[in-house]
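Since the structure of chain A is provided, determine the placement of chains V, F, X, U and Z on it from the hints.
Protein chains: 6
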Amino acid sequence: MSDTEIGRYPIPELAELPDDIRTRMLDVQEKAGFIPNVFLVLAHRPAEFRAFFAYHDALMEREESTLTPAEKEMIIVATSAANGCQYCVVAHGALLRIFAKEPLLADQIAVNYLHAPLTERQKAMLAFALKLSRSPELVSEADYQTLYEQGYTDDDIWDIAGITAFFGLSNRMAIVTAMQANREFYTMAREPRVKS
Amino acid sequence: MSDTEIGRYPIPELAELPDDIRTRMLDVQEKAGFIPNVFLVLAHRPAEFRAFFAYHDALMEREESTLTPAEKEMIIVATSAANGCQYCVVAHGALLRIFAKEPLLADQIAVNYLHAPLTERQKAMLAFALKLSRSPELVSEADYQTLYEQGYTDDDIWDIAGITAFFGLSNRMAIVTAMQANREFYTMAREPRVKS
Amino acid sequence: MSDTEIGRYPIPELAELPDDIRTRMLDVQEKAGFIPNVFLVLAHRPAEFRAFFAYHDALMEREESTLTPAEKEMIIVATSAANGCQYCVVAHGALLRIFAKEPLLADQIAVNYLHAPLTERQKAMLAFALKLSRSPELVSEADYQTLYEQGYTDDDIWDIAGITAFFGLSNRMAIVTAMQANREFYTMAREPRVKS
Amino acid sequence: MSDTEIGRYPIPELAELPDDIRTRMLDVQEKAGFIPNVFLVLAHRPAEFRAFFAYHDALMEREESTLTPAEKEMIIVATSAANGCQYCVVAHGALLRIFAKEPLLADQIAVNYLHAPLTERQKAMLAFALKLSRSPELVSEADYQTLYEQGYTDDDIWDIAGITAFFGLSNRMAIVTAMQANREFYTMAREPRVKS
Amino acid sequence: MSDTEIGRYPIPELAELPDDIRTRMLDVQEKAGFIPNVFLVLAHRPAEFRAFFAYHDALMEREESTLTPAEKEMIIVATSAANGCQYCVVAHGALLRIFAKEPLLADQIAVNYLHAPLTERQKAMLAFALKLSRSPELVSEADYQTLYEQGYTDDDIWDIAGITAFFGLSNRMAIVTAMQANREFYTMAREPRVKS
Amino acid sequence: MSDTEIGRYPIPELAELPDDIRTRMLDVQEKAGFIPNVFLVLAHRPAEFRAFFAYHDALMEREESTLTPAEKEMIIVATSAANGCQYCVVAHGALLRIFAKEPLLADQIAVNYLHAPLTERQKAMLAFALKLSRSPELVSEADYQTLYEQGYTDDDIWDIAGITAFFGLSNRMAIVTAMQANREFYTMAREPRVKS
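Chains as they are written, first to last, in our numbering: chain A, 1 to 196; chain V, 1 to 196; chain F, 1 to 196; chain X, 1 to 196; chain U, 1 to 196; chain Z, 1 to 196.
Just to be clear, a hint being listed does not mean it is correct.
[Claimed, not checked] FRET-style restraints, in silico, Cβ to Cβ:
#, chain 1, residue 1, chain 2, residue 2, range
1, V, T23, A, D155, 34 to 44 Å
2, X, P192, F, E184, 50 to 60 Å
3, U, E141, F, P46, 34 to 44 Å
4, F, P46, X, E30, 28 to 38 Å
5, F, E184, V, Q29, 32 to 42 Å
6, Z, P69, X, E30, 36 to 46 Å
7, Z, S135, U, T23, 30 to 40 Å
8, F, D27, X, E30, 33 to 43 Å
9, Z, G151, X, I11, 28 to 38 Å
10, V, D19, A, I11, 31 to 41 Å
11, A, K131, V, D20, 28 to 38 Å
12, U, E120, Z, A47, 23 to 33 Å
13, Z, L138, F, P46, 47 to 57 Å
14, V, D19, A, D19, 21 to 31 Å
[Stated by the list, open to error] From the derived model, a few chain A residues whose C-beta atoms are all more than 12 Å from chain F:
#, residue
15, D20
16, D57
17, A127
To be clear, the hints were calculated from the coordinates, so they are not data collected in a lab.
Glycine is no exception: its CB is placed at the ideal position from the N, C-alpha and C atoms.
With the rest of the complex left out, here is chain A (with noise of 0.2 Å):
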């Protein structure tokens, strides 16, 4: 695979999409400046690019999640850098960067949270989040009684290993896909915020 190419899988032109596939990409370029490569990776096969984002806005947009934007970048940049997903790491590093409002938390993240500047909490957080994508096998009632001291109630731990599994599903389908991240993410927000 070439360097500029962005996956091993055709990617359709936009003329060629369904009505509904070709507007939310519209929406993000608009947004965003770009279109980020899972949605041109994944048009592929429309009814499950359908899936996927309907369940990505379920668990990203709920209203009621007490996890914080940022929150739920760090398990995305965590699980996704112990799974090996480049395009994951990249893309919600720059997630976290915005989010957060730290231009260095992404990379410290991403190659190890022990060592970033998180509260206990977070990092509880994250070691659940890491136990549940790396060996859901060893996963016990003893794990929810220490979210539970942490603060984190039973409707925090879905939200926790529902983006835990979705983005671990993510990763698995940008691995195969061998998709890239997109040039923009990865120098997006690096820069300090100004203090006005």
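Coordinates of chains V, F, X, U and Z only, in the frame set by chain A:
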């Protein structure tokens, strides 16, 4: 949790559920004779429920797929066993017995597919699915070559990967919700088919 | 190997076997209705056969043991599943269903004992058995303390260790001989007991 | 445990032991000059003692075996080191030095057989033994092909597997009983043989 | 540790340092514009500091080496990511961007070198480096054959091994000292080079 | 490699070596009665040789260290055994026998420190060293707390980490150079000290 409970989260009353979700449950109940617990447990969050089953159907009912129904269930049983997911091994073990018309195969694959009576091609499919499921970070171009040599196409590989990835998600949600397999699944299709 | 074969090694004719071995087989056949394949496969080497079953009986029929028959089978099913041994999971799964009078338990423990309806004491027993089976090099004094806290004595620990160790041997012989579980084991005791 | 103790379980007095067990101990004492602790520790349970040594003899003294005594000890040393079993590495290291007439080999194999002066055929034997010992669930038909290519027969494979499996049992019993290797074993046969 | 601290150990004042160490720091500061924290943290122990940098220079500035500066940094980034060392991934990621003149490569290798745009020869180098770094006990003659087939010589192998081994040391010291990567490294050389 | 060779790389003639390196070798030869092969093998690259031994001396001869010489050797033997390094286990096993004046301890720690007659404090030191050596990415603040509770200071932790890290480097160089332990090391100090 008592052994009559079906999960760690509240199970909504059917009457309270949105129409589309209740209808789906009643349809499956009519067909199977009972409501599989995955429907009851996931109904706790309707938006995720809808995306989950839309994804499920997009993968499992994709018309162009060359994988047989039994082969799809083999992937699910093998990867779910590795992930330690009781619900998925038991429920999809039942489906594998039904589709394969071979009452021993599900248990054999759940314990160790290397010792199950499968073709080399099927073993290559399961080897890939297990590698992607358990060590996605190690998947590389050489793995696709192995599958090509067995006659799998890139769209077959997407199917295998999609099913592996989706049921990886499903395994993690079943584990965290402590989803119990319905008793019916344990005994379903355990008798050898009568040759007519 | 065709699926009607029962192993990779020659199976001796009953008539050719030494009297003591043939008698043991006929006894078990009378009791069970069939000869479990472990007898047929191991009879290839009479001296090892005799030692194997002498060891088996010494451990499993030890009168002073406080472990229940069902608990012994739990250890066998859990460790054999981890070791990927089809024969032992299927055959001892059947025995576990018989002894525990609980038709779901064997499959639940085979997939993941952490999600099976067991007491904390039984889970501690299985945690120890699995550690000893899979990572004997990590067993240390702290593990015995955990068992003592659950009320296990040093002789119980010897029993747990002995069963774990012996069936670890059995697993490896069953794997290398490609020993197939008899069809009868798959369906045995799957119906719930009728309360009389 | 003080370093003069030889295990976590009570050691019976010789006078109290059943005749056959005491006789076996006195025989080995006459031959070796001391009673190896494995006899003393396992005598705590006579029935298991008898089966253990019957199995040991059936495997290690099988007349038809084409494995040399040194090769059998290589298997024991390599797998016992991987399992972290002090008694077996030290005691069988001594036997390996005696049988191989090569004073460095036992330590070399205990640390890493890949860097020991062995033939390719012996390395293939140890690679198989270690895979079966440490990851039995991964053993498959391809492993036997590798051994066939090195000239091993199915009966050789049974020997390798049997020794691996039996000493896997032995390792676990030695670990749980905290069996200490006799001081004599540490220095036995460490001097190079004098060429006569 | 607050995120303005640079490690768990006291950082000596420049004025207190031995002349040779202070001079080395001032030299690097003049060249880079800042003092990388590895100098400040390791200066806590001058004798180890001197040996560390002497070793570093002997390996990284060895004139006869056929590895390019970018290839040396690839080894460091890949192995440091596997070891979870924030300082080394971030600092040497910056150097890799500088030497490779390819702003995406460091992040791609840090996440998963199998999906980075590298030659087969470079991937073989990194596969060996990662095996030596993470599982040195498994390295065997076959690994050198694989490298020879890619055209690597024994002196190249020493270089690869030396860099892997030295930065394995460096990773462990950075982890235990909680060494923080300077902010400057995170953004260095992230813009694509302008073709002149 | 024949078993009289001492490594995969050319061994320079003493006469060809730089004065400082030759002098160091002759000094050790005078003291030990032979030249340990690590000197001969690493002399292939003088600059790395000098840095290697400078680092070695800085760590092992640091006057302020509260670790005893035997404790330093325990760390080396335990971590080198885990890394599968024959040279380091055999050579430093000899040094451990000498310093500890306990002829069994080196073999016991090489096989499994959990079953060696060590204090709880020493076991905590080795547990930390092994974690840092084998899974540096998992080391976290909790590990230091465990060491503090055993009375270790931050400077002790640096010592433990430095020795672990340096001999991790040494292990990898010994493995890749196929460095053979001198025969003398195998038998050194195996007899119990005579109490005077």
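Okay, the hints, checked on the actual structure:
1. T23/V x D155/A: 34 to 44 Å: Violated: the Cβ-Cβ distance is about 26 Å, outside 34 to 44 Å.
2. P192/X x E184/F: 50 to 60 Å: Hint holds: Cβ distance 59 Å, inside 50 to 60 Å.
3. E141/U x P46/F: 34 to 44 Å: At roughly 41 Å between Cβ atoms, P46/F and E141/U fall inside 34 to 44 Å, so the hint holds.
4. P46/F x E30/X: 28 to 38 Å: Given a distance of about 29 Å, which is inside 28 to 38 Å, the answer is holds.
5. E184/F x Q29/V: 32 to 42 Å: This hint holds: roughly 33 Å between Cβ atoms.
6. P69/Z x E30/X: 36 to 46 Å: holds, 42 Å
7. S135/Z x T23/U: 30 to 40 Å: Holds: the Cβ-Cβ distance is about 38 Å, inside 30 to 40 Å.
8. D27/F x E30/X: 33 to 43 Å: holds, 39 Å
9. G151/Z x I11/X: 28 to 38 Å: For I11/X against G151/Z, whose Cβ atoms are near 35 Å apart, the range 28 to 38 Å holds.
10. D19/V x I11/A: 31 to 41 Å: Because 38 Å falls inside the window, the suggested range holds.
11. K131/A x D20/V: 28 to 38 Å: Roughly 34 Å apart at Cβ, these two residues keep to the hinted range, so it holds.
12. E120/U x A47/Z: 23 to 33 Å: holds, 31 Å
13. L138/Z x P46/F: 47 to 57 Å: holds, 49 Å
14. D19/V x D19/A: 21 to 31 Å: Given a distance of about 26 Å, which is inside 21 to 31 Å, the answer is holds.
15. D20: Consistent with the label, D20/A stays out of reach of chain F, its closest Cβ about 39 Å off (over 12 Å).
16. D57: holds, 30 Å
17. A127: The claim holds: A127/A sits with its nearest Cβ about 17 Å from chain F, beyond 12 Å.
Violated hints amount to a single one, hint 1; each of the other numbered hints is respected by the structure.
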